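S.K.: Listed below are the residues making up each chain.
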Amino acid sequence: MEVTVTVNGVEYRRETEPRRLLVDFIRTDLGLTGTHIGCDTTSCGACTVLLDGVPVKSCTMFAVQANGHELTTVEGLRRDGELSPVQAAFKEHHGLQCGFCTPGMMLVATALLGANPDPTEDEVRWALSGNICRCTGYANIVKAIQSAAATMHEGVRA
Amino acid sequence: MYPPAFDYAVPRSLDEALDLLAEVGDEGRVLAGGQSLIPMMKLRLAAPAHLVDINEISELSYIREVNGHLAIGALTRHADVVRSEIVGAGCSTMASAAPWVADPLVRNRGTVCGSVAHCDPEGDWNSVMLALGAEVVARSRTGERVIPISDFVVDFFTNALEPGEMVTELRVPRDDERSGGCYLKLERKIGDYATVGVAAHLRLDERGRIGRAGLALTSVAPVNLEVEEAERMMAGQEPSEELFAEAAEIAARTCQPQSDVRGPAEYKRAVVRAYTRRALHQALATARGER
Ligand SMILES: Cc1cc2nc3c(=O)[nH]c(=O)nc-3n(C[C@H](O)[C@H](O)[C@H](O)COP(=O)(O)OP(=O)(O)OC[C@H]3O[C@@H](n4cnc5c(N)ncnc54)[C@H](O)[C@@H]3O)c2cc1C
Ligand code: FES
Ligand code: FES
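Protein chains in written order, with this note's numbering: chain C, 1 to 158; chain F, 1001 to 1291.
Misleading hints may appear alongside valid ones.
Claimed, not checked - DSBU-like, lysine-lysine: derived pairs with alpha carbons at most 30 Å apart:
#1 Lys-91/C <-> Lys-143/C
#2 Lys-1189/F <-> Lys-1042/F
#3 Lys-1189/F <-> Lys-91/C
#4 Lys-1042/F <-> Lys-143/C
Claimed, not checked - Away from chain C, derived, C-beta distances all over 12 Å, residues of chain F:
#5 Phe-1006
#6 Asp-1007
#7 Lys-1189
It is worth saying that the hints were derived from the structure and are not from the lab. Model, not experiment: these values are computed from the prediction. For glycine and all other residues, C-beta sits at the position ideal for the given N, C-alpha and C.
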């Protein structure tokens, strides 16, 4: 089947089998390897992408289902060559160690701050609860996201 | 992990979907949120030859209030229920269950009707629907059936649909000023299925007695278990601590928990007893407008 998807603002057209998983389509067919495969069983969130702005697990969708839709992967977070506020805050606050969960974490954070610009710690933790991190203990991830929220407010004021 | 090859169709309207389902018969499956079906296909526990993907049928995504009930469309996702003001105001039992179904990412894809159709005894929604006495609307090219949830849930992963039929809507009784309910779920971590789940719903009569009681359990039997003996026992009675304790005893006695990674059977039975009492008290408080 032919699939047309817009990924990070760029339109791609590819021939694919219906059983092709979205995560492999992104990583192998499009060569965007920032999206990770952790568990392959819908449990960890390492494969998170935004589908029309909504975080979903790309190991649990077929690529054909993205036909006509817009995807954002971690490669699409950067703006004009600069780290996005969420990316900069993860760097600043040590929101990552090995980095395996980080693309998923940052995409969930980006979607959260789009919907709720000033989340409480509880709201941040609740939003992240489908994404597993084996390194950080989450504390610095939460800190980074709250700091990104603050930076984005300043940006609006400036 | 990859499923075996299958044919894929993505209808744009319900009529088109029903035509496709009629063509493929029992070789076909509806693909809704895919949050149970795709994992099962990847593990090759399911190998449908044809998938009919309903995700582009936007007319099936709705939560509406119609004549004393809430109508939930086949494409309504768990996350839509979490956010819904109509559910928040009109169905305390669904509202208390929704945030505990799976995790936020799974809730963004998985659908309520898909869960109901799946008939996984560890799924939360069928307990809620049994306690509420909901109805399932099933359509095929030849017509529509409205099936009480207690007839729809046939067995372990088995529903009452015929080949060519799909669930198009759930009809859930709306809370009125004398009814309310709740869902209590014990889980090891977010995104885990219930160790035990209890759905309770009470409708009081004008004198404050129990008119109708609904009680159903998750993860402690081969199906979501409606505790009919306790429901009958409570009907017509004055609500009280003793009554709820007796209902909890019946629930603990009726359930058939298995020892597994989530705990030994006797532990689960004890949780059923404690949670049933707690859920009935909470349902009563909601029905009385105290919470
Ligand atoms: C990590 C994880 C954790 C989870 N935790 C929970 C949990 O705690 N509680 C819980 O209840 N569930 C849980 N689930 C399951 C989740 O809620 C699924 O979304 C749900 O069971 C199925 O809904 P779906 O829309 O994804 O259906 P699908 O996966 O698309 O379909 C499931 C089955 O139902 C059939 N079907 C779907 N829609 C229809 C329809 N309209 N008409 C006829 N047949 C239909 C399909 O053909 C298939 O056989 C979890 C899933 C995952 C991956
Ligand atoms: S790889 Fe998709 S959830 Fe783990
Ligand atoms: S930083 Fe290693 S898994 Fe999160």
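S.K.: Work down the list of hints and note, for each, if the structure agrees.
M.R.: These are the hints, each one checked on the structure:
1. Lys-91/C <-> Lys-143/C: holds, 11 Å
2. Lys-1189/F <-> Lys-1042/F: Holds, at about 24 Å.
3. Lys-1189/F <-> Lys-91/C: holds, 28 Å
4. Lys-1042/F <-> Lys-143/C: Between Lys-1042/F and Lys-143/C the Cα gap is close to 36 Å, so the pair fails against 30 Å, i.e. violated.
5. Phe-1006: Violated: least Cβ distance 6 Å, not greater than 12 Å.
6. Asp-1007: The claim is violated: Asp-1007/F sits with its nearest Cβ about 7 Å from chain C, within 12 Å.
7. Lys-1189: Given that some Cβ of chain C is not farther than 12 Å from that of Lys-1189/F, nearest at about 9 Å, it is violated.
The structure shown violates the earlier hints numbered 4, 5, 6, 7.
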